[in-house]
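Position chain B relative to chain A; hints supplied.
Chains as they are written, first to last, in the numbering used here: chain A, 294 to 625; chain B, 294 to 625.
Please note that the accuracy of each hint is not assured.
In the SDA-like style, the derived pairs of lysine to any residue whose C-alpha atoms are separated by at most 25 Å in a straight line are [what the hints assert, rightly or not]:
hint	chain 1	residue 1	chain 2	residue 2
1	B	K341	A	V610
2	A	K526	B	E625
3	A	K583	B	T617
4	B	K464	A	K597
5	B	K341	A	Q603
6	A	K464	B	S363
7	A	K341	B	T465
8	B	K442	A	Q603
9	B	K597	A	V610
10	B	K341	A	T465
11	A	K526	B	P619
12	B	K597	A	S615
13	B	K341	A	P435
14	A	K341	B	Q603
15	A	K407	B	S363
16	B	K341	A	P469
17	B	K341	A	G436
18	A	K583	B	D616
19	B	K597	A	L607
20	B	K442	A	S363
21	A	K597	B	Q620
22	A	K341	B	K341
23	A	K597	B	L607
24	B	K464	A	E337
25	A	K341	B	D616
26	A	K597	B	E432
27	A	K597	B	S615
28	A	K341	B	T567
29	B	K597	A	P435
30	B	K597	A	G436
31	A	K442	B	T600
32	A	K526	B	D616
33	A	K597	B	T617
34	B	K526	A	N377
35	A	K329	B	L607
36	B	K329	A	L607
Distance windows between CB atoms, simulated [to be verified]:
hint	chain 1	residue 1	chain 2	residue 2	range
37	A	D451	B	S605	25 to 35 Å
38	A	A534	B	D616	30 to 40 Å
39	A	P522	B	F624	21 to 31 Å
40	A	P528	B	G418	30 to 40 Å
These are computed hints drawn from the structure, not numbers from a lab.
Model, not experiment: these values are computed from the prediction.
C-beta atoms are modelled at their ideal positions from N, C-alpha and C, and glycine is treated no differently.
2 protein chains.
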Amino acid sequence: MTLHGKLIQTLVSTAIIAVSSSLYAAEPIQPIVPAKEINLALAELGKKLYFDPRLSKSGFISCNSCHNLSMGGTDNLKTSIGHNWQQGPINAPTVLNSSMNVAQFWDGRAPDLKAQAGGPIANPGEMAFTHELAVSVLESIPGYVTEFKLVFGDDSIDIDKVTDAIAEFEKTLVTPNSPFDRWLLGAKGAITAEQLTGYELFKNSGCVACHNGPAMGGTSFQKMGVVEPYQAKSPAEGLIAVTGKDADRFKFKVPTLRNVEMTYPYFHDGEAETLSEAVDVMGRLQLNKKFNTQENGQIVAFLKTLTGDQPSFLLPVLPPSSDTTPQPRPFE
Amino acid sequence: MTLHGKLIQTLVSTAIIAVSSSLYAAEPIQPIVPAKEINLALAELGKKLYFDPRLSKSGFISCNSCHNLSMGGTDNLKTSIGHNWQQGPINAPTVLNSSMNVAQFWDGRAPDLKAQAGGPIANPGEMAFTHELAVSVLESIPGYVTEFKLVFGDDSIDIDKVTDAIAEFEKTLVTPNSPFDRWLLGAKGAITAEQLTGYELFKNSGCVACHNGPAMGGTSFQKMGVVEPYQAKSPAEGLIAVTGKDADRFKFKVPTLRNVEMTYPYFHDGEAETLSEAVDVMGRLQLNKKFNTQENGQIVAFLKTLTGDQPSFLLPVLPPSSDTTPQPRPFE
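Bound conformation, chain A alone:
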């Protein structure tokens, strides 16, 4: 290519970037950006730990059991199944794009991914283990001993390192390149006219007040049932459990709408089985809007444009236990 040709190409590229940038700069939603500044060795270790059921008392439940990366980073159950088939109190939120959350869990009780990762391991209703026992299992597995040493440069394994690694892996679980993001980036044909109408409705009806930013949620706590009260079947009370303030009763972290077609059922109690139902309830309870069938369908059509590239990686192969590894105790 001639110098002149290169110059023209540069000018054209700059113009395209400028157009797309101005296009979505005016929108309340921004594209999901691929993960950056990832410590690859740490994330690779974290991936193994994420899939390893030996972090549970039973040897049967891993992070991936309830935040299944084949299924939108959730279990698609109303509430999750824990140790000894215990029924969880709340719907498992997706791990996808969770690095963008202001805090973790529905009630925000963990400030970040690292703090969250330790929770289920030691929760008697979930993985039912202790941090000490989980670490002692890992210390007995030669493949982990060497990998922790490689990653951290010393000879010790502790829960801090374990949750560090899991959090680093979770940082990679972002889902760019959805049809809507391609539209935001300037590819006008990436979504249909109906989906675009749905987006306009979504914006103009007030949904974006809470579901905004790249993750379209995860950045604030809002009361479930603003206009009329939500008839909750679940005992979960949300943010009040963390702050102790009465005003925070039934305030939950606004969930991300990214990949929402895959993360059914909906709400903190999983009571809405379909997107259509969720849109209807949100409209009435939060916005005092009764969407008609056509409008509901348009918004649902828009929501289905939010499914991005799912995490793509080789199924990890876990290092085998050794003769000294403590046995799992599923039936005690």
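Just chain B, lined up with the frame of chain A:
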């Protein structure tokens, strides 16, 4: 390269092949051969089904739950965990190299992989579903409807197609390239002197009478406790359940020893926690041999050369359910 050079190269290659071939032709164990004649689209569909917990009543248990491909194709539990945390009656055999088994299950009650695949789905103690309900779930999922049509060329889904696909995927789950196979193929340095001594002991003590062929097992049913009776804690009685013959009581399919370092715990009841214990019990009960500590260690060292390349593939992304998909019923 000159013609002369090529000729010499060909002669040398032929000589190497002849050497390695004659090397392992004399051995009672042959290398695992990579899968051939695989219908790729069928296997790809089968992979999704293998990982899909919607084939269970709870929506929580998939084939991969108990035959975990991150963990040697098993769950590494004494006996498995089924629907509602029921304790299974028997140790989950590995799915790896199971295409080489003469029949499936410890008692051989399924003639092949396809027949096996339907079993756990409908077993009330395992996935606790029915074939009809599993098919109706798949029929409600648009992504599966189109994929079945692509693979089978017609519009219907039935359990026959489901198990066909799962079996085709399972045919791909072979593990070539273990250190021992490389040794069999002529790479003398692939195993250590201790491991080779272990192999000689394994051969000369009679272990190969049952653990032979490429899978080193899976081709016959043998009584557990030949020389002295096995003190079973499990109620499983083996082949008699299939044949009704008294002589078949406590006859179990000889398990493959491929990847045995990863498929702990051992025996049909999972009572042997370590390879060392398994070797000791087998020697005493089946061969009237009491291996001393050194011999036991040598055989164990040999057994650890049997870990081949584990299945390597992208974690499948499952097509989402639709509004008409029957809900999972984990707590009913």
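Comparing the hints with the structure gives:
A C-alpha spacing of about 18 Å is found between B:K341 and A:V610, which places the hinted pair at or below 25 Å, so the restraint holds. Proposed proximity of A:K526 and B:E625 is supported: the alpha carbons are some 17 Å apart, at most 25 Å. For a cut-off of 25 Å, the pair hint linking A:K583 to B:T617 stands: about 23 Å separates their Cα positions. For the hint pairing B:K464 with A:K597, the CA-to-CA distance comes to about 35 Å; that exceeds 25 Å, so the pair is violated.
As the CA atoms of B:K341 and A:Q603 are separated by approximately 15 Å, the hinted pair is consistent with the 25 Å bound. For the given pair, A:K464 sits about 22 Å from B:S363 by alpha-carbon distance, which is consistent with the 25 Å threshold. In summary, the hint linking A:K341 to B:T465 is supported, as the alpha carbons are separated by about 23 Å, within the 25 Å threshold. For the proposed pair B:K442 and A:Q603, the alpha carbon gap of about 24 Å is at most 25 Å, so the pair holds.
Of the pairs offered as hints, the one joining B:K597 and A:V610 holds, with about 16 Å between alpha carbons and a cut-off of 25 Å not exceeded. With a CA separation close to 23 Å, the supplied pair B:K341 and A:T465 stays within the 25 Å bound. For the suggested pair A:K526 and B:P619, the alpha carbons sit about 21 Å apart, so the restraint of at most 25 Å is met. Between the alpha carbons of B:K597 and A:S615 the distance comes to roughly 12 Å, so the proposed pair stays at or under 25 Å and holds.
Between B:K341 and A:P435 the alpha-carbon distance is near 32 Å, which puts this suggested pair outside the 25 Å criterion. Restraint check: the Cα-Cα separation between A:K341 and B:Q603 comes to about 15 Å, which is no more than 25 Å; the hinted pair holds. Distance check on the hinted pair: A:K407 and B:S363 sit about 24 Å apart at the alpha-carbon level, within 25 Å; holds. Among the hinted pairs, B:K341 with A:P469 is consistent with the structure: their alpha-carbon atoms are about 23 Å apart, no more than 25 Å.
The suggested pairing of B:K341 with A:G436 is violated, with an alpha-carbon distance near 29 Å, which exceeds 25 Å. Only pairs whose Cα atoms come within 25 Å are accepted, and A:K583 paired with B:D616 is accepted, the gap being roughly 20 Å. Between B:K597 and A:L607, the direct Cα distance comes to roughly 24 Å. Compliance with the 25 Å bound is thereby established for this hinted pair. Taken as a hint, the B:K442 and A:S363 pair is honoured in the structure, with Cα atoms around 22 Å apart against an allowance of 25 Å.
The straight-line distance between the Cα atoms of A:K597 and B:Q620 is roughly 20 Å, inside the 25 Å bound, and the hint therefore holds. With a C-alpha separation of about 21 Å, the suggested pair A:K341 and B:K341 falls inside the 25 Å cut-off, and the hint holds. Pair hint A:K597 plus B:L607 holds up; C-alpha atoms about 24 Å apart against a cutoff of 25 Å. Our distance criterion of 25 Å between C-alpha atoms is broken by B:K464 and A:E337, whose separation comes to about 28 Å.
The straight-line distance between the Cα atoms of A:K341 and B:D616 is roughly 34 Å, outside the 25 Å bound, and the hint therefore fails. Between A:K597 and B:E432 the alpha-carbon distance is near 20 Å, which keeps this suggested pair within the 25 Å criterion. The suggested pairing of A:K597 with B:S615 holds, with an alpha-carbon distance near 12 Å, which does not exceed 25 Å. Simply put, A:K341 and B:T567 have alpha-carbon atoms about 23 Å apart, close enough for the 25 Å limit, and the pair holds.
Distance hint between B:K597 and A:P435 is fulfilled; the C-alpha atoms sit about 14 Å from each other, no more than 25 Å. A distance of roughly 14 Å separates the Cα atoms of B:K597 and A:G436; the hinted pair therefore holds under the 25 Å criterion. A distance of roughly 24 Å separates the Cα atoms of A:K442 and B:T600; the hinted pair therefore holds under the 25 Å criterion. For the hint linking A:K526 to B:D616, the alpha-carbon distance of about 22 Å falls within 25 Å, and the restraint holds.
Using a Cα cut-off of 25 Å, the hinted pair A:K597 and B:T617 holds, with the two alpha carbons roughly 16 Å apart. With a C-alpha separation of about 22 Å, the suggested pair B:K526 and A:N377 falls inside the 25 Å cut-off, and the hint holds. For the suggested pair A:K329 and B:L607, the alpha carbons sit about 22 Å apart, so the restraint of at most 25 Å is met. The suggested pairing of B:K329 with A:L607 holds, with an alpha-carbon distance near 22 Å, which does not exceed 25 Å.
The hint said 25 to 35 Å for the Cβ distance between A:D451 and B:S605, and at roughly 31 Å that hint holds. Distance hint for A:A534 and B:D616: a CB-CB separation of about 33 Å, consistent with the stated range 30 to 40 Å. At roughly 26 Å, the beta carbons of A:P522 and B:F624 sit within the given window of 21 to 31 Å. Separated by about 31 Å at the C-beta atoms, A:P528 and B:G418 satisfy the suggested range of 30 to 40 Å.
The structure is inconsistent with the numbered hints 4, 13, 17, 24 and 25, although it conforms to all the rest.
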